[in-house]
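Protein chains in written order, with our numbering: chain A, 13 to 303; chain B, 84 to 409; chain C, 279 to 758.
Some hints here could point you the wrong way.
Said to hold, decoys possible - Some, not all, of what chain A presents toward chain B, calculated at C-beta under 8 angstroms:
no.: 1; residue: A22
no.: 2; residue: R26
no.: 3; residue: P40
no.: 4; residue: I119
no.: 5; residue: I128
no.: 6; residue: P144
no.: 7; residue: L152
no.: 8; residue: I231
no.: 9; residue: L238
no.: 10; residue: S256
no.: 11; residue: L281
no.: 12; residue: V301
Said to hold, decoys possible - Residues of chain B clear of chain C, computed beta-carbon distances all greater than 10 angstroms:
no.: 13; residue: Y153
no.: 14; residue: L177
no.: 15; residue: I188
no.: 16; residue: F231
no.: 17; residue: A299
no.: 18; residue: S384
In short, the hints are calculated from the structure, not lab data. Don't be surprised by glycine CBs; every beta carbon is placed ideally from N, CA and C.
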Amino acid sequence: MNRRTKRRIAAAFRFGFLGASLFAVGFPIYWMIITSFKPDNEWFTWPPIYWSENWTLDNYRVVWLGIQARITAQEAFTMQKPLQALKHSLALALISTTLSVAFGTLIAYGVSRYRILSDRRMFNLLMLRMIPPIVVAAPLTLYYSALNLLDTLTGLVIVYVITTIPYTVWMTKSFIDEIPHEMEQAAEILGASRWQTIWEVIFPLIRSGVVATFLFILILTWSEYLLALILSKVDVVTLPVQLSKYEGTTEGRVYGYQAALAVGVTLPLIVIGCFIRKHLVRGFTFGMVKR
Amino acid sequence: MTASATETAAGTGAAPARGSRSRGIRIFKWTLLTPLFSLFFFLMPVFLLQLYFSLHSWTIYLSSWWDADYAGFDLFREVLTESRFYWAFARSFLFAGLSTVGCFIIGFGLALLMYRPFRGHSVFYVLFILPMLTVPIVISYTADMLLFRSGPINDIMSFLAGTEIRFTWLANPNFAIFTIIMLEIWNWTPFAFIIMLAGLSSLPAEPVEAARILGASRLRIFWEIQIPLLRPVIFLALILRFLEAMAEFPKTWGLLQGGPGTSTETIPVYLYIVTWRAFNVSKGAAASYLVMLLMIVIILSAIYVLRREKKALDALYEKPAGGGEA
Amino acid sequence: MKKAHVSRRKFLKGALATAVAAPALLRAGGAKAGPEEDRIVKASKKYGKASLNGMMWALYWRNYPRLNTEFKGLTGISMDQVNDVPNLLIPQRAMAEAISRSGKFDIFHVESMMIPSLVAAGLVEPLDGYMKEAGFKLEMVGNFASFMKYQDVTYALPTDGNVCPQFIRKDLFENPDEQKNFADKHGKPLKWPETWEDELEIMKFFHRPDKELFGFGGLRDKENSSFWYWMYLYSAGGFPFSDDAEPTLTTPAAEYAADTFLARKQVSHPEAAAWGSPQMIPRIVEGKIFSAQYWDGIIARIEGSPTPTTGKWLYGVPPGSKFSGRLIKRAFSAPVMGLIVNKLSPRKKQAAMWSLYMTTAKNSTEVVAHPTMTFHDPWHPVHMTAPEVEKVYGGKAGMESIRKSLLVTTPPPYVTGYQEFKEAVDKNLSEAYAGRKSGKQAIKDAQEEWGKIVKKIGKARIKKEIPYYKAMMPKMDVPT
Numbered sequence: 013m014n015r016r017t018k019r020r021i022a023a024a025f026r027f028g029f030l031g032a033s034l035f036a037v038g039f040p041i042y043w044m045i046i047t048s049f050k051p052d053n054e055w056f057t058w059p060p061i062y063w064s065e066n067w068t069l070d071n072y073r074v075v076w077l078g079i080q081a082r083i084t085a086q087e088a089f090t091m092q093k094p095l096q097a098l099k100h101s102l103a104l105a106l107i108s109t110t111l112s113v114a115f116g117t118l119i120a121y122g123v124s125r126y127r128i129l130s131d132r133r134m135f136n137l138l139m140l141r142m143i144p145p146i147v148v149a150a151p152l153t154l155y156y157s158a159l160n161l162l163d164t165l166t167g168l169v170i171v172y173v174i175t176t177i178p179y180t181v182w183m184t185k186s187f188i189d190e191i192p193h194e195m196e197q198a199a200e201i202l203g204a205s206r207w208q209t210i211w212e213v214i215f216p217l218i219r220s221g222v223v224a225t226f227l228f229i230l231i232l233t234w235s236e237y238l239l240a241l242i243l244s245k246v247d248v249v250t251l252p253v254q255l256s257k258y259e260g261t262t263e264g265r266v267y268g269y270q271a272a273l274a275v276g277v278t279l280p281l282i283v284i285g286c287f288i289r290k291h292l293v294r295g296f297t298f299g300m301v302k303r
Numbered sequence: 084m085t086a087s088a089t090e091t092a093a094g095t096g097a098a099p100a101r102g103s104r105s106r107g108i109r110i111f112k113w114t115l116l117t118p119l120f121s122l123f124f125f126l127m128p129v130f131l132l133q134l135y136f137s138l139h140s141w142t143i144y145l146s147s148w149w150d151a152d153y154a155g156f157d158l159f160r161e162v163l164t165e166s167r168f169y170w171a172f173a174r175s176f177l178f179a180g181l182s183t184v185g186c187f188i189i190g191f192g193l194a195l196l197m198y199r200p201f202r203g204h205s206v207f208y209v210l211f212i213l214p215m216l217t218v219p220i221v222i223s224y225t226a227d228m229l230l231f232r233s234g235p236i237n238d239i240m241s242f243l244a245g246t247e248i249r250f251t252w253l254a255n256p257n258f259a260i261f262t263i264i265m266l267e268i269w270n271w272t273p274f275a276f277i278i279m280l281a282g283l284s285s286l287p288a289e290p291v292e293a294a295r296i297l298g299a300s301r302l303r304i305f306w307e308i309q310i311p312l313l314r315p316v317i318f319l320a321l322i323l324r325f326l327e328a329m330a331e332f333p334k335t336w337g338l339l340q341g342g343p344g345t346s347t348e349t350i351p352v353y354l355y356i357v358t359w360r361a362f363n364v365s366k367g368a369a370a371s372y373l374v375m376l377l378m379i380v381i382i383l384s385a386i387y388v389l390r391r392e393k394k395a396l397d398a399l400y401e402k403p404a405g406g407g408e409a
Numbered sequence: 279m280k281k282a283h284v285s286r287r288k289f290l291k292g293a294l295a296t297a298v299a300a301p302a303l304l305r306a307g308g309a310k311a312g313p314e315e316d317r318i319v320k321a322s323k324k325y326g327k328a329s330l331n332g333m334m335w336a337l338y339w340r341n342y343p344r345l346n347t348e349f350k351g352l353t354g355i356s357m358d359q360v361n362d363v364p365n366l367l368i369p370q371r372a373m374a375e376a377i378s379r380s381g382k383f384d385i386f387h388v389e390s391m392m393i394p395s396l397v398a399a400g401l402v403e404p405l406d407g408y409m410k411e412a413g414f415k416l417e418m419v420g421n422f423a424s425f426m427k428y429q430d431v432t433y434a435l436p437t438d439g440n441v442c443p444q445f446i447r448k449d450l451f452e453n454p455d456e457q458k459n460f461a462d463k464h465g466k467p468l469k470w471p472e473t474w475e476d477e478l479e480i481m482k483f484f485h486r487p488d489k490e491l492f493g494f495g496g497l498r499d500k501e502n503s504s505f506w507y508w509m510y511l512y513s514a515g516g517f518p519f520s521d522d523a524e525p526t527l528t529t530p531a532a533e534y535a536a537d538t539f540l541a542r543k544q545v546s547h548p549e550a551a552a553w554g555s556p557q558m559i560p561r562i563v564e565g566k567i568f569s570a571q572y573w574d575g576i577i578a579r580i581e582g583s584p585t586p587t588t589g590k591w592l593y594g595v596p597p598g599s600k601f602s603g604r605l606i607k608r609a610f611s612a613p614v615m616g617l618i619v620n621k622l623s624p625r626k627k628q629a630a631m632w633s634l635y636m637t638t639a640k641n642s643t644e645v646v647a648h649p650t651m652t653f654h655d656p657w658h659p660v661h662m663t664a665p666e667v668e669k670v671y672g673g674k675a676g677m678e679s680i681r682k683s684l685l686v687t688t689p690p691p692y693v694t695g696y697q698e699f700k701e702a703v704d705k706n707l708s709e710a711y712a713g714r715k716s717g718k719q720a721i722k723d724a725q726e727e728w729g730k731i732v733k734k735i736g737k738a739r740i741k742k743e744i745p746y747y748k749a750m751m752p753k754m755d756v757p758t
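If we strip away everything but chain A, and leave its shape as in the complex, we get:
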């Protein structure tokens, strides 16, 4: 009996802790979502409104389509549209992620099989990621302007590839390391070239790992803020930068707009993240911890 109560207490404690954590995790997300559907007179009230009676899609219309009740469509024309930011964000994330994963996989293969980078250099590669990008922001701007790369997709793609390549190398290496060498030896005996071996033997085996790496890097590039803020101007605008445009207005705080944009920006990441949840560990730990 004593034991049973003890176990019950333990279970209560356990679910209490889990429940509290769930609330802590869920409430801000819930609040963001519900605010995005609230009309403007409910964004900012005391007591707060936890469940709106007047759901509206206006906020989404304003931030995603640039349509506002107070302005005419004509007035909105010349403005940059959030959909354009969406397009840029998408292109940027896909291109830079593809390149990063392609380069990373090749390097990882070389490291795993030919040791083209020593152990020490592999670790030093991590520095590319760990040095805060802000320390090179100013000279990077100048350098980019000299190369005419400022405000171009190419320019941002290059920095994103640089900052994500440590992840791709390490992560894909951890997948390649799991493949027995016999596969390649067999391919070699059958007369396959090195590139053929990579493409036809190794790649199919690590495909799911590469997809996981790809999606993981997509998360990183999609949410990057600082470099995009500094290196983009007019031709390229990404969603996190677009979000900062709703920072201040004399309309007061525009919580609903911010939330509507935020939901749109975050949703794809949550979908991707849940899809590759098993590989997230490997991603964030540079493939050092597996699940």
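The hints should help you fit chains B and C onto chain A, whose structure is shown.
Positioned in the frame of chain A, the structure of chains B and C alone reads:
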């Protein structure tokens, strides 16, 4: 850097190299490395420019940058005599240190509660990783919606406490940094959680079973068997999180821009303000150089630890049939 | 394929534009151009058509599309792409543009305080030639036109006066019970405050945090603190530089200004240290603030459409100070937004003409009198009496307060490197406000930082700028 790599390269462990074959391998290796080297060379001028600016007094409205006056180490001296710089460092360390510890404790706690499967396990798992998947700048805006004095968080706390609470989360200069730390913890607890969960589930079952049979208490098993086995994973979680937290910018900037006063001005915020708000490009460059040097020292020591722990980790994952090291 | 796509989109744009423009054109009463506009149109025609790129915050841009379409029809010059950047970020973007020298942007809509720095960076086109060519005369209330010039050359055309009159809650201030209580407590009648000390006394009386009413609603955060500080400093007869370009931030007047700045903490909202306009304006509009010096656009925000405090405010000139021995009243205008033309742009001539067209007396009145977008505040003498502006700003009282405040309005330090000087003062004042240091220490630290900045920018350069900066000061002590 490449000569030694070529010499030590052992190939696939296949037959010894013939002349043309080894040349083929060499070309192949270089091909694989090309993207990395091109990126590296592409990036080099940035660091040189940074060095140039930190030694020359220049900002945008002072004539062309190539005509800037040589200032020697004046700018470094200016940065190093500025108490604001040291305060920013102290805050960065406080921020990174506390948030790392916070993330780790909560994340480990959750992992301990969840490493044995139960009903609804995967639902909990998915929900717990959500904060990590949220865009940081979004978090700062959501926090602004939640934390103002008559906002929902104070309302909920008032409800729980049964008395009206109007806590100042953001404008209190002594507390603001802790608010930001809490946001960082909220954001990145999943990171520690998934790492520790993965670590716990990969622990070998035998030592724990053996200890249990010998009658060891749960606590003792935890401290004396599980923790030592988990050490590499713990180090990894702490180190990686600490380094990322040192570079955190979007949340700190988006929410308070370093204010009130300078009470949430961490190193990245300081650098941003000096360079992009005051346009003090040269001073920003000197400060950046100092930060970079310090970060390199920190990262190198972190890498030293990581390398050690990686070996232990690999041993943990070593499977009888596994490929592992070439 | 790409071309077809673009042209289809353009077609759609055109069709939609015509559809929505029709009522807008009717609203403006046929939009007959006056002689000034005709001259600009005539001058523009010889430069040919151009499709311009501008950098302007969306909230400002929304007042221009009709005029833009009109100008396009008349000359073929139009702003076709607007980079939506918040005001706060435009200086940074403009500076980045000065680094890259790409000529990508033709017009920047930026605060006029940036002119000295941007001129030094070689980014700004002088406008006097174009103004002469088109017979355009820049007229602004009082001495205000000097805000658009640098060393007697015009570099910007105003769009937004942004002066801060005094706001006081009428329903509370004129309440007989309150007046009686105040007279009983202080032994004198409740009158419109003449000095900062009077204002503080009154704000203390009305400061009732338990009832969610706060005495003062000025900003005290890291971005805006210095604006209020300059007002206090100038009204005490102070000036931040000596004629020899030495910073003078530790004078008695500066100390007085810092004390005045910090004294308002006791009557402010506890969260004020972290608030900018987005947080403060709802409080003012919802009636949680008793008094403030605040941007005049808020008058239109309050009076233009029904809000909880519509009709419940008194507007006037901010208090002053007798610190210098005589009563001096000063208001502040910052950031005063203006259109500047990129010197490096191949379309700069057309861009200059476009800017002129948007700032004629008639057209700027239309912009300022926009019924809902209240970001553009009056600056032209014509605005002060125009009935449509008056209507938006809730009648004569509001307009009179704006006009009078403009007569004594003052700029932040109008010198090269303004952002650096501003940052140093903002940082130290907001630290003092947060309780991290005393006011005296704050101005001492700011003084020290200014010394370094002056040294870096060059004493000679600043020294040359100071007479012009001084000449921007109002010619009268108290507006009439």
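Each hint tested on the structure:
The beta carbon of A:A22 comes no nearer than 10 angstroms to any beta carbon in chain B, farther than 8 angstroms, and the hint placing it at the interface is violated. For the restraint placing A:R26 at the interface with chain B, the shortest Cβ-Cβ distance is roughly 5 angstroms, inside the 8 angstroms limit, so the hint holds. Interface restraint check for A:P40: the shortest CB-CB distance to chain B comes to about 5 angstroms, inside 8 angstroms, so the restraint holds. Below 8 angstroms, beta-carbon pairs count as interface contacts, and A:I119 has one with chain B at about 6 angstroms; its hint therefore holds.
Contact between A:I128 and chain B, as hinted, is supported at the beta carbon level, the nearest pair being about 5 angstroms apart and thus within 8 angstroms. Interface restraint check for A:P144: the shortest CB-CB distance to chain B comes to about 3 angstroms, inside 8 angstroms, so the restraint holds. Here the hint on A:L152 is kept, as its CB sits about 5 angstroms from the closest CB of chain B, short of 8 angstroms. Restraint check, A:I231 versus chain B: the minimum CB separation of about 7 angstroms is within 8 angstroms; hint holds.
Taking 8 angstroms as the C-beta cut-off, the interface hint given for A:L238 holds, the closest approach to chain B being about 5 angstroms. This hint holds: A:S256 has a C-beta 7 angstroms from the nearest C-beta of chain B, less than the 8 angstroms allowed. Annotation: A:L281 was flagged as interfacial toward chain B, and the flag holds, the nearest CB pair being 5 angstroms apart, inside 8 angstroms. Residue-level restraint check for A:V301 holds (minimum Cβ-Cβ distance to chain B is 5 angstroms; threshold 8 angstroms).
No Cβ of chain C comes within 10 angstroms of the Cβ of B:Y153; the nearest lies about 14 angstroms off, and the non-interface call holds. No Cβ of chain C approaches the Cβ of B:L177 within 10 angstroms, the least distance being about 16 angstroms, so the stated non-interface status holds. Consistency note on B:I188: stated as away from chain C, and its beta-carbon is indeed over 10 angstroms from all of that chain's, at 28 angstroms minimum. With a least CB separation of 7 angstroms from chain C, B:F231 falls inside the 10 angstroms interface cut-off, contrary to its annotation.
Residue placement check: B:A299 keeps its beta carbon more than 10 angstroms from all beta carbons of chain C (closest about 52 angstroms). The claim that B:S384 is not at the interface with chain C holds, since no C-beta of that chain comes within 10 angstroms of its own (minimum 33 angstroms).
Taken one by one, the earlier hints fail for this structure at numbers 1 and 16, listed in ascending order.
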